[in-house]
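Protein chains: 2
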Amino acid sequence: MSQGNLLYAQSGGVTAVINATACAVIQTCRRRKVGVFAARNGIIGALREELFDLSGLEAAGTAALRHTPGGAFGSCRFKLKSLDADRAHYERLIAVLRAHDIRHFLYNGGNDSADTSLKIAQIARALRFPLNVIGVPKTVDNDLPVTDSCPGFGSVAKYTAVSVLEASLDVAAMHESSTKVFVMEVMGRHAGWIAAAAGLAGKRADDPPHVILFPEIAFDEAAFLARVKATVERVGWCTVVVSEGVKNADGRFLAEAGTTDAFGHAQLGGVGPFIAQLVKTRLGYKFHWAVPDYLQRSARHIASKVDAEQAFAVGKAAVEYALAGRNGVMPAIKRVSSTPFKWKLVPVPLTTIANVEKKLPRSYITADGFGITPAARRYFEPLIRGEDTPPYNAKSGLPEYATLKLKLARKKLPAYRIADK
Amino acid sequence: MSQGNLLYAQSGGVTAVINATACAVIQTCRRRKVGVFAARNGIIGALREELFDLSGLEAAGTAALRHTPGGAFGSCRFKLKSLDADRAHYERLIAVLRAHDIRHFLYNGGNDSADTSLKIAQIARALRFPLNVIGVPKTVDNDLPVTDSCPGFGSVAKYTAVSVLEASLDVAAMHESSTKVFVMEVMGRHAGWIAAAAGLAGKRADDPPHVILFPEIAFDEAAFLARVKATVERVGWCTVVVSEGVKNADGRFLAEAGTTDAFGHAQLGGVGPFIAQLVKTRLGYKFHWAVPDYLQRSARHIASKVDAEQAFAVGKAAVEYALAGRNGVMPAIKRVSSTPFKWKLVPVPLTTIANVEKKLPRSYITADGFGITPAARRYFEPLIRGEDTPPYNAKSGLPEYATLKLKLARKKLPAYRIADK
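If you're matching them up, the sequences are chains F and E in order.
The first sequence maps to residues 31 to 451 in this note's numbering.
The second sequence maps to residues 31 to 451 in this note's numbering.
Just chain F, same shape as in the assembly (with noise of 0.2 angstroms):
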C-alpha cells in the first residue's frame, strides 16, 4: 500500500498567518512525495468532495502564501455534531477520503476542530479505515491549552500592540483642544489575550494604554469611569482598550450585536462605542472610537517574524507526525526559555486541546483590573519579535499577496447535500 494522500483543512476563523502554515504543508508533502490536496471552504468541501488538488500548484505561487493573509482554499465556521447526531457528514467523509486515497487528514483550527478532529479519527477507526488525523493550531485568541501560544495570536498582538501606540500618538497631539479619551475595541471572545498584548505598547507609568478592559474583569463602571477622570486630570488624556468580551457583573456582555454565529456564540461589536459613549455622557470628555475589527487578524503588512516562523513550523511539523504514522496529535509550541526566547514543537493528544479554552491567567492581570503585569510582558513581548514584512510591487505600492490557480479535483462520488444552515 502507498503511503496515501494527504488533505488538508482550515477551520474557524482565519489569521494573518494561517497560509504559512498552508505552505509548509504543501512544501514539505512535495518534499515528501506525498500527494496533498486542500478542501475548499474547510470541512464543507470536504463533505461535497469539492478538493484543491495542489500537486500542479506553481511553486512561486505557494511559497507567496507564506507572506498573505486570509485563507486561501477558504475556511468554515461549521461544527460537525455528535457522532450520532451527525453519522451521515462523519460517513460521508470517511467516503470522501477513501475514494481520493488520502490517509492523513490535517485539520487547522482552534479547540472546536480539534473535538472535530478527535471525532473523525474515531469514526475512521470504527470503519476500520485507516487514517493519521493531525490537528494544527491556529486561533488569534490564543484560547488553546497546553501549546505556549497559537500561530495567529503573535501577529494580531503586534498590530494591535502599534496601533495603540501610534493612535496614542495622535491623541497625545491633540487633547488640548479635541479628543481626550479614545476607545479601542479589540476582538477576543472569552479570554483577553489580545487586550493584554495592547499593554505592551506601554513601558513607563502613565504611557498608554492607559485602561484595559479585559473579559476575565467583571466591567465596574464606577471603577472604570474614576479611572478614566484621574488619568485624564493627570497625563491630560486617556486611551481606553476594550475587549470585545467584557462582560458586567451578571455576565452579561456589555454590548451583543443579537445575533450569533453557526457555534451559537454571541456575535459581539460595538462595546467600543458603547464605552466612548459611556464616558462622554458620564465625564463630559470628548472622545474618539476605533474598531479595526478583521483589519487586526487579517493585517499580514505587520505580521510578528516569531509568529510566521510558528505558523510555518507547524505546519512542517504536522505533515511529519502524519507520515510517522501518529494520530489524534497537534503539534504544540512548548517555550523552553523567555530570555533568551527558545521553543520547540512537541506532539501533544488532542484529548488535551479538545473544547478546552485557556484563559488570560490573573496573574497576567494588575491588582486594580487595568493593566498588565511584569510576568504578563516576559510572556508577550517576544511573541511579537521580529518583522516579516510582505514583498511589495513598486508600482502599485501594495503588497503582492499570492493568487493562486486552484483547480478541484475531478469528483469520484455521487452529489451530497449538506442542509441549509
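Hints are computed from structural coordinates only; laboratory data are not their basis.
Treat the hints with care, since some could be wrong.
Since copy identity is lost for identical chains, a pair holds within one copy or between any two.
No farther apart than 27 angstroms at their CA atoms in a straight line, the calculated lysine-lysine pairs in the DSSO-like style are these [unchecked claim]:
no., residue 1, residue 2
1, K346, K149
2, K111, K388
3, K233, K437
4, K346, K109
5, K310, K277
6, K111, K389
7, K435, K233
8, K425, K389
9, K374, K425
10, K425, K335
11, K149, K441
12, K389, K233
13, K109, K310
14, K388, K109
15, K233, K425
16, K374, K346
17, K372, K425
18, K109, K277
19, K259, K233
Values in this document were obtained by computation on a predicted structure and should not be read as measured data.
Mind docking chain E on chain F? Use the hints.
The following block gives chain E in isolation, referenced to the frame of chain F:
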C-alpha cells in the same frame, strides 16, 4: 538686524508624517543657523507664550521625528476669528513673536490654517512688525486646492488600500458559512479622497472593494442594496468602503454623533455600523464592520515613501521660502508627470488656498457612483508608492518612535488667558 528666529506650529488633525515636516524644519533651521521654536499645542501655545526652544534638541531625537507619527509638539483645533472679532488674540500673538525675536512663522495645517496665516500676515503688516508667514500643507483629507496632494494623505491612502485588501482576503475565506458583507468606514468629512484611495486595492473586475460610498454622491439606498445583493450573488461576498461624510439626497449625514468640534463641524462616526445594519436588515446577510478611526491617520508603520518624502520636502522648502523673505505663500506640490512620477515644489499664494476645499473630481468616480476610474488610479497610485518602514526595537518588537525631551523657553510676557471653549 539679525535674521531673527523661526516659530513652527502644527494645526488641526495630525498625520503619520507631519513630524517628518517638523524634522525638516528643525534640521534646515540648524543648517541655516536660525533659532527655531515650536508652539506647544499649536496656536494655543503661541498665544500662551508656551514655546519649545528646539536649539538644544538632540540630533538623534530630531532625526527620529522623521519616522514618528502624531504631532511631537502638540496640535490644536482652535480657529482664530476675523481680525475684528479676535483682535486681542492677534495682537497678543504679535507681542509673543516680538518678545522672542521671531521673524518667520510656519503654520503647518489645512485650509483653516491657511486662512489664519493670511490674517497673521495682515496684522503683522498693520502693526509694522516684519514677519514672513509661510503656510505648510498637511491634511489626511487631501482637500487643499492648488497642491497636487497634501502630505499625510499618501500614507492614509496606503493604509486604507492595504487594509481593504487584507481584510477582504479574510472575508473571501470565510464567506461560505460566515460573513458575507464587510463594511469599512474611512475618514473624509466632505471629500471622498480616502474612500477613493481604497479603490486601489482592486485591480480586476470583482476585486474588492466592490462598493465605495463617496460624500460626493448622494446615498441612494435602493441602488446601494441592489449592488450589494448582485455582488454577493455573483462573487459570494462583498466589501463596502464608506466615507464618514456620506450624505443622503437631503444633504444630511447618514450618521451623526450629534456633537460638533471646535470649528462647528459635526463630529461624525458610526456610518460604518449604520450601513452594515442596513444590509443585515434589508438583505439578511451576515456582516462585520470596521472603523479604524485614528489608526488610519497615525499608521506610520505603513507610511508611503512618496508621502514621507513630500512631507519632509515641504518643511525644508517652507524654511527656505521664509529665509528668502517670502510672505503669505505655501510650498505646493506640482506633479510634473504621472508616468514616471515626477514632482516639484512651487510657492503659491495662501490666498488661493485659504478656505477652499478641493472635492474629488466627478471624473474620478465611475458612472454608477460606486467605484473609481482609470483617471483616478493614475492620480492616486504614485502617492502610495514605496515603503518607509520605521526602525523596530529588537526586544520589544515595536517601532522606535521619538520621545523628545522638550524644554519651554522662559516666558517674557505676562500670562494671557484664552477663554474656555
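A quick look at each hint next to the structure:
Within a single copy, K346 and K149 get their C-alpha atoms as close as 23 angstroms, which meets the 27 angstroms cut-off; across copies the closest is 67 angstroms, which misses it. In this homomeric assembly, K111 and K388 come within 27 angstroms of each other (Cα to Cα) only inside a single copy, at 22 angstroms, whereas the closest approach across copies is 58 angstroms. In this assembly of identical chains, K233 and K437 lie within 27 angstroms of each other by CA distance solely across copies; the values are 22 angstroms between and 50 angstroms within a copy. Taking CA atoms no more than 27 angstroms apart as the test, K346 paired with K109 passes inside one copy only; the shortest distance there is 26 angstroms, against 60 angstroms between copies.
Taking the shortest alpha-carbon separations for K310 and K277, both the intra-copy value of 20 angstroms and the inter-copy value of 25 angstroms come in at or below 27 angstroms. In this assembly of identical chains, the alpha carbons of K111 and K389 lie at most 27 angstroms apart only when taken from the same copy (24 angstroms versus 55 angstroms across copies). With identical chains, the CA atoms of K435 and K233 are at most 27 angstroms apart between copies only, with a shortest distance of 17 angstroms across copies and 46 angstroms within one. Proximity of K425 and K389 under a CA criterion of 27 angstroms is satisfied inter-copy only: 26 angstroms between copies versus 45 angstroms inside one chain copy.
When the C-alpha separation of K374 and K425 is checked against a cutoff of 27 angstroms, the pair qualifies only between copies, where the shortest distance is 20 angstroms, while the shortest distance within a copy is 40 angstroms. Taking the shortest Cα distances, K425 and K335 sit within 27 angstroms of each other both inside one copy (26 angstroms) and across copies (12 angstroms). When the C-alpha separation of K149 and K441 is checked against a cutoff of 27 angstroms, the pair qualifies only within one copy, where the shortest distance is 25 angstroms, while the shortest distance between copies is 76 angstroms. In the homo-oligomer, the alpha carbons of K389 and K233 lie at most 27 angstroms apart inside one protomer (24 angstroms), although the nearest pairing across protomers, at 42 angstroms, exceeds that limit.
When the C-alpha separation of K109 and K310 is checked against a cutoff of 27 angstroms, the pair qualifies only between copies, where the shortest distance is 23 angstroms, while the shortest distance within a copy is 41 angstroms. Taking the shortest alpha-carbon separations for K388 and K109, only the intra-copy value of 20 angstroms comes in at or below 27 angstroms, while the best inter-copy value is 52 angstroms. In this assembly of identical chains, K233 and K425 lie within 27 angstroms of each other by CA distance solely across copies; the values are 12 angstroms between and 38 angstroms within a copy. In this homomeric assembly, K374 and K346 come within 27 angstroms of each other (Cα to Cα) only inside a single copy, at 13 angstroms, whereas the closest approach across copies is 51 angstroms.
In this homomeric assembly, K372 and K425 come within 27 angstroms of each other (Cα to Cα) only across copies, at 14 angstroms, whereas the closest approach inside a single copy is 39 angstroms. When the C-alpha separation of K109 and K277 is checked against a cutoff of 27 angstroms, the pair qualifies only within one copy, where the shortest distance is 25 angstroms, while the shortest distance between copies is 42 angstroms. Within a single copy, K259 and K233 get their C-alpha atoms as close as 21 angstroms, which meets the 27 angstroms cut-off; across copies the closest is 48 angstroms, which misses it.
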